[in-house]
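Chemist: Spelled out, the chains give:
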Amino acid sequence: MSDIRLEMVKKNFGATEVIKGIDLAIDPGEFVVLVGPSGCGKSTLLNLIAGLETITEGNIYIGGKRVNDTPPRDRNIAMVFQSYALYPTKTVRNNITFGMVSRGIPKADQDAAVAEISTLLQIERLLSRKPGQLSGGQRQRVAMGRALVRKPDVFLFDEPLSNLDAKLRIEMRTEIKKLHQRLGKTIVYVTHDQIEAMTLASRIAVMDNGHIRQFADPKTIYEDPVDLFVAGFMGSPPMNMMPGKIRTLGGQCVVSTGGPEDEPLDFLLPPALSERACGQEGRDVILGLRPEAIFAAGTELPGANRFIFERPISVVEPTGPDTMILFHHAGLDVVARVRPEDARPEGTLFMFEADMEKAKLFDAKTTLRI
Amino acid sequence: MSRNNLGGIVQQKGTRHLMMRTLLFLTLGVFCLYYLIPLIVMIATSLKSLEEIRAGSLLSLPQDVTFDAWAKAWSSACVGVRCDGLKPFFWNSVAMVVPAVTISTILGALNGYALTKWRFPGADIIFALILFGAFIPFQVILLPMARTLGVLGLAGTIPGLVLVHVIYGLAFTTLFFRNFFIGVSSGIIQAAQIDGAGFFGIFFRIVLPMSLPAVVVTVIWQYTQICNDFLFGIAFTVGDSNPVTVALNNVVNTSTGVKEYNVDMAAAIIAALPTLAVYVIAGAYFVRGLSAGAVKG
Ligand SMILES: Nc1ncnc2c1ncn2[C@@H]1O[C@H](COP(=O)(O)OP(=O)(O)OP(=O)(O)O)[C@@H](O)[C@H]1O
Ligand SMILES: [Mg+2]
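Chains A and B, in that order, give the protein sequences.
Positions 1 to 370 (full-length UniProt numbering) are the ones given, in order, by the first sequence.
Positions 1 to 297 (full-length UniProt numbering) are the ones given, in order, by the second sequence.
By construction, these hints were calculated from the structure, which means they are not laboratory data.
Nothing here was measured: the structure is a model prediction, and the numbers come from that model.
Some hints here could point you the wrong way.
[Stated by the list, open to error] Derived contacts from chain B toward chain A, CB cut-off under 10 Å, selection only:
| hint | residue |
| --- | --- |
| 1 | Gln193 |
| 2 | Pro274 |
| 3 | Val278 |
[What the hints assert, rightly or not] Here are the simulated lysine-lysine pairs, BS3-like style, with alpha carbons at most 30 Å apart:
| hint | chain 1 | residue 1 | chain 2 | residue 2 |
| --- | --- | --- | --- | --- |
| 4 | A | Lys10 | A | Lys107 |
| 5 | A | Lys107 | A | Lys130 |
| 6 | B | Lys87 | A | Lys130 |
| 7 | A | Lys65 | A | Lys90 |
| 8 | A | Lys65 | B | Lys117 |
| 9 | B | Lys72 | B | Lys87 |
| 10 | A | Lys185 | A | Lys10 |
| 11 | A | Lys20 | B | Lys117 |
| 12 | A | Lys219 | A | Lys360 |
| 13 | A | Lys90 | A | Lys20 |
| 14 | A | Lys10 | A | Lys365 |
| 15 | A | Lys245 | A | Lys65 |
| 16 | A | Lys130 | A | Lys177 |
| 17 | A | Lys90 | B | Lys117 |
| 18 | B | Lys117 | A | Lys10 |
| 19 | A | Lys151 | B | Lys117 |
| 20 | A | Lys167 | A | Lys177 |
| 21 | A | Lys65 | A | Lys10 |
Just so you know, even glycine gets a beta-carbon here, dropped at the ideal spot from N, CA and C.
Whenever a hint applies, use it, and build me the whole structure from the sequences.
Modeler: What follows is the structure in structure tokens.
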């Protein structure tokens with residue numbers, strides 16, 4: 001097991017800065033997931049850790065050793081590529097053993113390792129086939145086998161499940177999680193899929209445009225996002241973000257959203273939030289409420305700091321376990337998550353209840369959390 | 001492939017359509033014949049005796065087939081002053097073609113691999129310069145090349161000719177392989193790097209086996225070019241080291257009284273056989289490889 005440490009790592013391709021100064025400390029045995037929009041530099045960062053790209057500035061340490069100038073083969077890492085990158089002319093067995101052959105490991109040890117890995121991944125029957133004769137899920141397993149067989153200190157995964165269909169993806173997700181629990185190796189894992197990120201990660205690094213916005217455990221990322229970007233990135237459907245202004249109404253601190261076209265709503269802030277946010281009358285803020293924090297009035301156990309309001313339903317979207325109800329407000333479609341039996345047809349005037357304990361406030365200018 | 005499904009396409013029916021079809025096949029037939037007649041005449045003539053040639057017409061088929069002309073062309077026709085037939089020169093050609101094709105193909109593959117998968121500053125400029133070689137008219141380089149061969153002590157020898165063909169083949173072989181490798185995923189190379197293989201390890205164990213279609217196209221291309229070459233052969237070899245193309249010219253030009261058309265024809269076919277054979281054996285693969293660019297292995 002090894003830790004990975006990045007110090008002010010930068011990477012330029014010609015004149016374009018792709019990685020703009022990243023500090024990251026990954027503990028031994030951790031499962032770190034990198035998420036972020038397309039083109040933000042996730043693959044590049046992974047390639048820098050693997051040594052497939054040379055870093056422009058900064059330092060990378062693996063297992064306490066500075067590896068800036070160490071070629072990939074000597075970093076004791078294994079990588080699973082998004083495209084799998086299996087060797088097309090080699091059989092599955094030879095794909096798996098190629099790394100050991102390159103390193104001159106005795107034949108007997110190779111056979112033992114192949115036997116162990118193929119049992120673990122259930123690919124014994126595929127060993128003499130070529131990659132072209134495998135299904136997507138089988139290829140994915142072989143790619144995984146090729147990485148696992150060398151027992152490296154660090155695993156790097158670049159969107160390994162993105163080519164699979166939804167069902168297989170969920171199965172493989174669980175497999176990867178089990179594998180990590182069993183082997184306890186350090187893993188850096190890139191994905192677009194936030195559910196994958198939430199379920200697998202011990203910590204998530206949210207990247208944007210060559211920077212890391214937040215690096216924390218999944219619960220913190222979800223409940224305590226540092227800014228609008230992180231808040232908007234995690235969660236599906238995404239958080240409702242209603243622009244509004246801080247007001248004082250009858251001695252109480254509210255965020256007024258909407259208007260002038262639609263009737264404004266004055267969301268009453270709970271004490272903790274009002275302490276931080278109030279005092280600046282008229283300050284522009286963004287009120288963030290996740291869909292699950294808005295539900296049908298009276299359907300949840302009563303709690304403190306609930307805000308009840310009425311709006312006509314514009315769209316109803318059943319998803320099975322829950323139904324999403326949309327209403328127009330502040331120029332957007334606000335999503336509320338209700339139980340299917342509480343849903344009403346479109347056009348009906350509906351009583352919503354918002355759990356203001358879960359509300360987040362962001363500064364409209366800096367986009368930072370208040 | 002869609003080509004396999006064409007038979008199932010619904011066809012138009014009716015007399016007008018039938019007439020068009022007949023016309024089409026008639027035209028095709030005429031063109032076919034037009035292209036084949038020289039070959040037919042050559043084969044027919046080579047199988048006749050001299051008397052029959054003199055008596056009959058050019059287009060008539062041989063009355064009594066004899067292989068004497070072939071035997072003579074192969075082993076006893078006079079090439080200049082030497083009367084051993086084309087045989088020694090045929091082996092000269094083989095001794096030139098095999099190393100020239102092998103070396104230029106391997107170098108082209110290495111070039112293409114380095115230019116696409118181990119990018120270095122200036123790679124594009126180097127490729128452009130190599131490619132430029134494909135557009136140089138060969139007459140231009142005859143004199144400087146002769147001088148170079150002289151300095152190297154290879155003038156008038158088969159190894160010298162091999163060197164010339166390797167150098168001037170590189171432009172095309174590099175182009176073929178570069179275009180093939182550019183379609184090969186870089187992920188495979190990266191995976192092999194992480195697996196601990198180096199430049200040559202990846203080349204020989206991963207990349208070269210993948211590039212079989214490109215190898216076939218390149219080998220056929222180089223083989224036909226070099227087999228059929230006359231200019232370099234006549235410019236850079238002398239007498240005994242001539243390739244068969246040059247020897248053929250000398251057979252035809254060596255006049256010892258009567259003109260032996262049957263021997264000339266047989267000699268011409270012998271000189272053309274190696275390329276014909278390759279076309280028959282691997283022609284389909286060649287066309288497929290060229291048009292697909294990167295046929296899946
Ligand atoms: N070799 C290169 N030369 C120039 N620019 C590059 C190169 N590789 C990547 N980039 C640029 O760097 C940026 C980050 O690329 P990267 O592949 O890391 O994105 P990513 O976050 O992995 O995206 P995705 O989620 O789509 O895979 C992109 O804007 C890309 O265009
Ligand atoms: Mg990527």
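Chemist: With reference to the structure, classify each hint as holding or not holding.
Modeler: Hint-by-hint comparison with the structure:
{"no.": "1", "hint": "Gln193", "result": "holds (5 Å)"}
{"no.": "2", "hint": "Pro274", "result": "violated (30 Å)"}
{"no.": "3", "hint": "Val278", "result": "violated (24 Å)"}
{"no.": "4", "hint": "A:Lys10 to A:Lys107", "result": "violated (41 Å)"}
{"no.": "5", "hint": "A:Lys107 to A:Lys130", "result": "holds (21 Å)"}
{"no.": "6", "hint": "B:Lys87 to A:Lys130", "result": "violated (46 Å)"}
{"no.": "7", "hint": "A:Lys65 to A:Lys90", "result": "violated (34 Å)"}
{"no.": "8", "hint": "A:Lys65 to B:Lys117", "result": "holds (29 Å)"}
{"no.": "9", "hint": "B:Lys72 to B:Lys87", "result": "holds (10 Å)"}
{"no.": "10", "hint": "A:Lys185 to A:Lys10", "result": "holds (26 Å)"}
{"no.": "11", "hint": "A:Lys20 to B:Lys117", "result": "holds (26 Å)"}
{"no.": "12", "hint": "A:Lys219 to A:Lys360", "result": "holds (15 Å)"}
{"no.": "13", "hint": "A:Lys90 to A:Lys20", "result": "violated (39 Å)"}
{"no.": "14", "hint": "A:Lys10 to A:Lys365", "result": "holds (27 Å)"}
{"no.": "15", "hint": "A:Lys245 to A:Lys65", "result": "violated (51 Å)"}
{"no.": "16", "hint": "A:Lys130 to A:Lys177", "result": "holds (27 Å)"}
{"no.": "17", "hint": "A:Lys90 to B:Lys117", "result": "holds (20 Å)"}
{"no.": "18", "hint": "B:Lys117 to A:Lys10", "result": "holds (24 Å)"}
{"no.": "19", "hint": "A:Lys151 to B:Lys117", "result": "holds (27 Å)"}
{"no.": "20", "hint": "A:Lys167 to A:Lys177", "result": "holds (16 Å)"}
{"no.": "21", "hint": "A:Lys65 to A:Lys10", "result": "holds (19 Å)"}
Taken one by one, the earlier hints fail for this structure at numbers 2, 3, 4, 6, 7, 13 and 15, listed in ascending order.
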